[in-house]
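Asker: Below, each chain spelled out in residue letters.
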Amino acid sequence: MSDDVQRESFEEFKSSFAYGSRTDLGFKFIAGLPDRDAARFLQDLLWKLGDTFDDGQFERIVEHVYEWQVRAYAGEGKWVYADGPFTPLRKPLSKSRLALLSSSGHFVKGDDPQPFGVKDMTQEEAAARILQFLKSEPRLSRIPVGTPKEKLAVRHPGYDVRGAQADPNVVFPHEILIGLEREGRIGELAREAYSFVGACSQRRLLKESGPQWVRLLQEQEIDAALLTPV
Amino acid sequence: MCHVSVGHIARLLEASGIATVIIGIRAFRPSLEAMTSPRALITPHLMGRTLGAPGDRDRQRAVVAAALDLLETASQPGTLAELPGVYRVGKK
Numbered sequence: 020m021s022d023d024v025q026r027e028s029f030e031e032f033k034s035s036f037a038y039g040s041r042t043d044l045g046f047k048f049i050a051g052l053p054d055r056d057a058a059r060f061l062q063d064l065l066w067k068l069g070d071t072f073d074d075g076q077f078e079r080i081v082e083h084v085y086e087w088q089v090r091a092y093a094g095e096g097k098w099v100y101a102d103g104p105f106t107p108l109r110k111p112l113s114k115s116r117l118a119l120l121s122s123s124g125h126f127v128k129g130d131d132p133q134p135f136g137v138k139d140m141t142q143e144e145a146a147a148r149i150l151q152f153l154k155s156e157p158r159l160s161r162i163p164v165g166t167p168k169e170k171l172a173v174r175h176p177g178y179d180v181r182g183a184q185a186d187p188n189v190v191f192p193h194e195i196l197i198g199l200e201r202e203g204r205i206g207e208l209a210r211e212a213y214s215f216v217g218a219c220s221q222r223r224l225l226k227e228s229g230p231q232w233v234r235l236l237q238e239q240e241i242d243a244a245l246l247t248p249v
Numbered sequence: 126m127c128h129v130s131v132g133h134i135a136r137l138l139e140a141s142g143i144a145t146v147i148i149g150i151r152a153f154r155p156s157l158e159a160m161t162s163p164r165a166l167i168t169p170h171l172m173g174r175t176l177g178a179p180g181d182r183d184r185q186r187a188v189v190a191a192a193l194d195l196l197e198t199a200s201q202p203g204t205l206a207e208l209p210g211v212y213r214v215g216k217k
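As you go down the protein sequences, you meet chains Y and G in turn.
Okay, so the first sequence: first residue is 20 according to the working numbering, each after it adds one.
Okay, so the second sequence: first residue is 126 according to the working numbering, each after it adds one.
Note that these hints are calculated values from the structure, not bench results.
Bear in mind that the values here come from a model prediction, so they are computed numbers and not experimental data.
Be aware that one or more of the hints could be misleading.
Said to hold, decoys possible - The calculated label-pair distances, taken between Cβ atoms and stated as ranges, are:
| # | chain 1 | residue 1 | chain 2 | residue 2 | range |
| --- | --- | --- | --- | --- | --- |
| 1 | Y | Ser40 | G | Ser141 | 20 to 28 Å |
| 2 | Y | Phe72 | G | Val211 | 18 to 26 Å |
| 3 | Y | Pro132 | G | Val211 | 30 to 38 Å |
| 4 | G | Glu207 | Y | Leu235 | 28 to 36 Å |
| 5 | G | Asp183 | Y | Glu27 | 18 to 26 Å |
| 6 | Y | Val127 | G | Ser141 | 20 to 28 Å |
Unchecked claim - Computed footprint of chain Y on chain G, listed as stretches where at least three residues anywhere in the stretch have a Cβ under 8 Å from a Cβ of chain Y:
| # | segment |
| --- | --- |
| 7 | 127-138 |
| 8 | 148-154 |
| 9 | 167-177 |
| 10 | 192-204 |
All residues carry an ideal CB built from backbone N, CA and C; glycine is no exception.
Whole structure, please, built from the sequences with the hints as guidance.
Answerer: The structure is reproduced here in structure tokens:
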């Protein structure tokens, strides 16, 4: 092998999936695994792919990725609260007014929140600016429920948005809620739903944006909120 | 981080008299648990596809329906329920 070939350690290879040369927001978790576990994850993935060539049972691949996602993120949970506020639902849901709020990063095309003043930021540019997002105040996008998916865009530096692009309901279930309202399960669905990029400054969320958003929902006399983090 | 952000929003809303229910994935159950989230339905799904695969309307509906049940039945903060079943590969 010639000397000019760049050598890459397994550690470097693994890390490149988390905001590096091989950024993949669906698999960035392997960067946080010890080398032995990351190797095991990849080897088993390939082995299971081989089985799938023969029988087409793709569920085993999903199950494998799911199990390792759970394992990789098991150490999360730095924000600890021994207790929490709680508001019981005051009337039956069939008589309540419900709003949807997601951290999916959806917005209506033509109403781009333009993070950091950047116009037409791509998903790739957003991922490259992850640290900037984590220091910044989140912005709330207002989305009329029932907006067709052709008119919705999604951009988020923390997760693989392909599923959310193909069908926003996988993380922003506005159409599912419309159906449940029609069936009478929900008294009234607020016509405006909300989405923001959940990768943001927790301090600023707690002190600035969060209290403003609470007031916004209070002004609309919302009784309950369905919240969908990603 | 998203689950923490939404966990914080849930706390702010509950403190202001608005009932909430979170739908989160199993991988981030520890975050939601550590925050004593008011009510949370945990799905056995992949990150970025919390309610199920794109186009899987039956599964998405079942998830939301279970979350709404939790909204009505939970009586104390930190109520977590795990949805049974598995992520079904997308319907095209």
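Asker: Indicate, hint by hint, whether the structure satisfies it.
Answerer: Okay, the hints, checked on the actual structure:
| no. | hint | result |
| --- | --- | --- |
| 1 | Ser40/Y to Ser141/G: 20 to 28 Å | 45 Å, violated |
| 2 | Phe72/Y to Val211/G: 18 to 26 Å | 21 Å, holds |
| 3 | Pro132/Y to Val211/G: 30 to 38 Å | 35 Å, holds |
| 4 | Glu207/G to Leu235/Y: 28 to 36 Å | 32 Å, holds |
| 5 | Asp183/G to Glu27/Y: 18 to 26 Å | 45 Å, violated |
| 6 | Val127/Y to Ser141/G: 20 to 28 Å | 27 Å, holds |
| 7 | 127-138 | holds (count 12) |
| 8 | 148-154 | holds (count 6) |
| 9 | 167-177 | holds (count 9) |
| 10 | 192-204 | holds (count 8) |
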